[in-house]
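Asker: Take a look at the letters that make up each chain.
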Amino acid sequence: MLENLDALLLARIQFAFTVSFHFFFPAFSIGLASYLAVLEGLWLKTGKSVYLDLFKYWLKIFAIAFAMGVVSGIVMSYQFGTNWSVFSDKAGPVIGPLMAYEVLTAFFLEAGFLGVMLFGMNKVGKKLHFAATLMVALGTFVSAFWILSVNSWMQTPTGYFIGENGQFMPGDSWWDIVFNPSFPYRLVHTVMAAYLTTAFVVGAVGAWHLLKDRANPHARKMFSMAMWMAAIVTPLQIFAGDMHGLNTLEHQPAKVMAMEGHYQSYPEGAPLILFGIPDSEAKTVRYAIEIPKASSLILKHDLNAPMAGLDTIPDDEEPPVGTVFWSFRVMVGIGFAMLGVGLWSLWGRVRGRLYEMPWLHRAAVLMGPSGFAAVLAGWITTEVGRQPYVIYGVLRTADAASPLDAPAVAASLLAFVLVYFTVFGIGVWYILKLMGKAPHAGEYGVKRGDVGPIRTAGITPGPTQNPGGEETLPSAKPEKEPV
Amino acid sequence: MDLTVIWAFIIAFAVFAYVVMDGFDLGIGILFPTFSAGRERDRAMNSIAPVWDGNETWLVLGGGGLFAAFPLAYAVILPATYPLIIAMLLGLVFRGVAFEYRWRDPAHQRFWDIAFTGGSFVAAFAQGMTLGALLQGIEVVDRAYAGSWWDWLTPYTLLTGLGTVAGYALLGSTWLIWKLDGAEQDHARKLAIWAGGATIVLMGAVSLYNIALNEEYASHWLTAPQIYWVAPVPIVTAVVSLSLLHGILNARNSKPFWLAIALFFLGMSGLGVTIWPYVVPPGLTIWDAAAPERSQIFMLVGVAVTMPLIIAYTVWAYWVFRGKVADEGYH
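Residue numbers (the numbering used here), protein chains in the order written: chain H, 1 to 483; chain F, 484 to 814.
Keep in mind that the hints are not guaranteed to be accurate.
Stated by the list, open to error - Dumping the calculated BS3-like pairs for lysine-lysine here, alpha-carbon to alpha-carbon at most 30 Å:
{"hint": "1", "chain 1": "H", "residue 1": "K126", "chain 2": "F", "residue 2": "K807"}
{"hint": "2", "chain 1": "F", "residue 1": "K807", "chain 2": "F", "residue 2": "K738"}
{"hint": "3", "chain 1": "H", "residue 1": "K437", "chain 2": "H", "residue 2": "K123"}
{"hint": "4", "chain 1": "F", "residue 1": "K807", "chain 2": "H", "residue 2": "K127"}
{"hint": "5", "chain 1": "H", "residue 1": "K45", "chain 2": "H", "residue 2": "K283"}
{"hint": "6", "chain 1": "F", "residue 1": "K807", "chain 2": "H", "residue 2": "K123"}
{"hint": "7", "chain 1": "H", "residue 1": "K212", "chain 2": "H", "residue 2": "K126"}
{"hint": "8", "chain 1": "H", "residue 1": "K127", "chain 2": "H", "residue 2": "K221"}
{"hint": "9", "chain 1": "H", "residue 1": "K437", "chain 2": "H", "residue 2": "K48"}
{"hint": "10", "chain 1": "H", "residue 1": "K123", "chain 2": "F", "residue 2": "K738"}
As the list claims (entries may be wrong) - Derived list of chain F stretches under chain H, where covered just means 3 residues or more per stretch with a C-beta under 8 Å from a C-beta of chain H:
{"hint": "11", "region": "554–563"}
{"hint": "12", "region": "582–596"}
{"hint": "13", "region": "604–616"}
{"hint": "14", "region": "652–664"}
{"hint": "15", "region": "795–807"}
FYI, nobody ran anything at the bench for these hints, they're computed from the structure.
Where is the CB? At the ideal position from N, CA and C, for every residue including glycine.
Make a model of the complete structure from these sequences and hints.
Answerer: In C-alpha cells, the structure reads:
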C-alpha cells in the first residue's frame, strides 16, 4: 500500500492530521477562555464563591488545553514552509502579513497575559487579574479572526493580482483581502462552533456530576449555564451555517454540489438528498432518500429553481464527493442533536426540573464531545470541498507542495502521528481526570508543588471567611492537591 | 531607509528576542537533570512557568515574520532543513506540555522531567544546526531548494548546534543565579561557569570557521576599510566574556544574565556582519527574497502600533513575577 503514497499525498495527510489535531484545542480554548472571563466577571460582580470555584476548576483544565494548543500551533506556523513551500513563496505577500498580524495582535496577547491569569491572582489583585483573563479571551478571538481571514482568502481569493515573478501580490486595498467574501460567514460560524463545543463540554461535566450528586451547587451552576448556551446559540449557529452555505453556493458552487450529492443538474428544482451512497464512478447517489425540490427551496428559496450539478464542472476540478457528502451530514446531524438537547433543557427549565432529569443529563454527557466531532466534520467539508485547489480556482494543491521526497515526508508524518497520539492522548486523559473530580467549595487553582510563583504566605483568612480566598491557603478542610 | 532593510532588522530583532528569551527556558530544560528532584527542580521550573509561553511566541514571530516579509527565504530555508525543523517542533511539543504535565501526574513526574530535558535539548540543537545550515549556504534553483536531503548535516552544523546548546545553558544558568538563592544559586553558579566557558570557546570556533567557510564571509571581516568598523565586535566580545565570567563567580543577582545577553547580542551582530546582505547565502539577498512594498508597509504599521504594547505588557508580566522564586513562602 505504501508504494502508492507519493510525497504530495503524504504531505496532504500530514497537514490534515496536524491541523485537525491542532484545531481541537483552540475550538475548546476559544470558548473556555470566554467562559472563564464570564465566571470571573460574575464572581467580581456578585461576590458569590461558586463562580470563583468554577473559575479555578476550569482554569486547571484550560492550562493543559492551552499548552497543547500552543505547541501544536507552532507546528502549523512552520508547516506552510516545510511542506508547502511553493504555496508559501507564491501566497506569502498576501497571507503572510495577515499571519504576522495574528502573531502581533493575538499570540503575544494570549501568551503575555496567560502567566498572570494562571499564577498571578495573588500578585496583581482581582481587577488586574480579571483584565488579564479578558486579554487572554480577547487574544483567542483575535487569533481566530486573522487565521480565518487567511483561510477564507484561500477559499475566496480577492484583492490580489499575479506579479511577474508568479507571486500573488496585494492589490490596492487590504480590506478586500482581509474581508474577502467568505470571511464574515466563516468567522461567525467558526467562533459560534467553538462556543458550542465548550458549552457541550461544560454541560457534560456538569451533567456527569449531577448524575452522581444532583444537589452539587457547582455542577448545577455549570450545567445551567451550558444549557443556556445550547438553547440560545445552537439555533443561531444553524442559521449562520445556512447563510454560510448560501455564500458558498455563490462563490464555490462545486463544493455545494458535492455537499448535496448533486452529480446531475436539475433544471426544474433539485431534490434534497437526506442519505445515500455517492458513487463517483457512476456519477450517482445510490439508495438515495430524497425530498423532491427541497434543495432548491433551501438554497434558492424557490421550489422550481434550476440547480447546476457536477456535470457542469470538468472532472479534474471536482472535489471528492463522498467525503464532502458524508462529513457535511455528520456536521448537520450533530447540529440538530445539539438543538434537541437545548430544547429539552428549556422544557426542563420551564417545568423547574432541570436538575432532576437524569435522561437529559445522560444525553448531555453523551453529547460532551459532539462539538469536536461537528467542528472536525465541518472543516473536512470545507477543506475537502475546495479541492483540487489550495487557493480556490487559481493554485492547485498539487502545484503547491515542497520539493521533498516521499520517504522524508513519510518519516515526519509517522513521527507526528506517534508523538501526537501519545502526548496529546495523555493530555486529554489528564483533562478527563480533572473533569472526573467533582467541583467543590474552596477549589484550588493551578498549583505548583510547595514552592513557586503562586505561593503566598499562609496568613490570609480561609475560604469560609473569605470566599475570594487564594488558591494555596489552608482551608477548613485540607485537601490534597488535585491531580 | 529601505523598507527591506528595516524588515531585515525587525526579523533579526525577533530572532534575537526569541533566542534570548526562550534560550533561558530551553537552557533550564537542558540543565534540568543536574537539579535534584523536588525543591530545586520545582523552583527552576516555577521561575519560568509564567513566562515561557510568551517567550516562545517570538519563535512564531520569527517564522511568521519571515514568511510575511521574506516569503522566498521562508520557502527555501524550511524545506532545506526539513528534518531539523520537524525535530525542533517535536522537541518543543515535549518541552511545552511538560510544564503542565509534570504537575498533573506526580507518579510520572520523572518521565516528564526527562521529556522536558530531551525536548529542550533537541529543540536547541536543531535550532543551532539550522543556523549553521543557513550560514554554510543553501542551493537554490528556480525559487526552490535544490540541494539534497542531508546537506544540513556537516561538522560545521554540528558545531553551531553544540554552540547553541552551550549558549542556552549559559542563559538558563545565569537566569537561575538571578532567580534562586542559597545552595541552589551556588549550583547554578557552577553550571554557569562551565556553560560560559563552553559558549565562549564554541563562539570563537564558529567565528573562525565562518571566516574559513568562504571568502566572502572572510572579506566582510578582514578587508579595509570595513575592518575598522567591525573590529570592535570581537574586542568588545572579549571584554564582555571576561566580565561575564567574573560576574558569574561573584554576582548575586541579574548581572551575569545581562552579560550573557550582551554576549548573545554581540554574537548575533557578528553573524549579521558575516551574512549581510544575504538572507539565504550564497544566492538570495534580502532584496531578492523580500515581499512587495505594499506588504511591507501594511505590516510595518502593525509592528509600529503593536510592538511597543507587546514590549510593555511583556515587561509587566516579568515584573509581576520579579524577585527570587518562592521568597514569599519562606520568610
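Asker: Which of the numbered hints above does this structure break?
Answerer: Violated: hints 5, 7, 13, 14.
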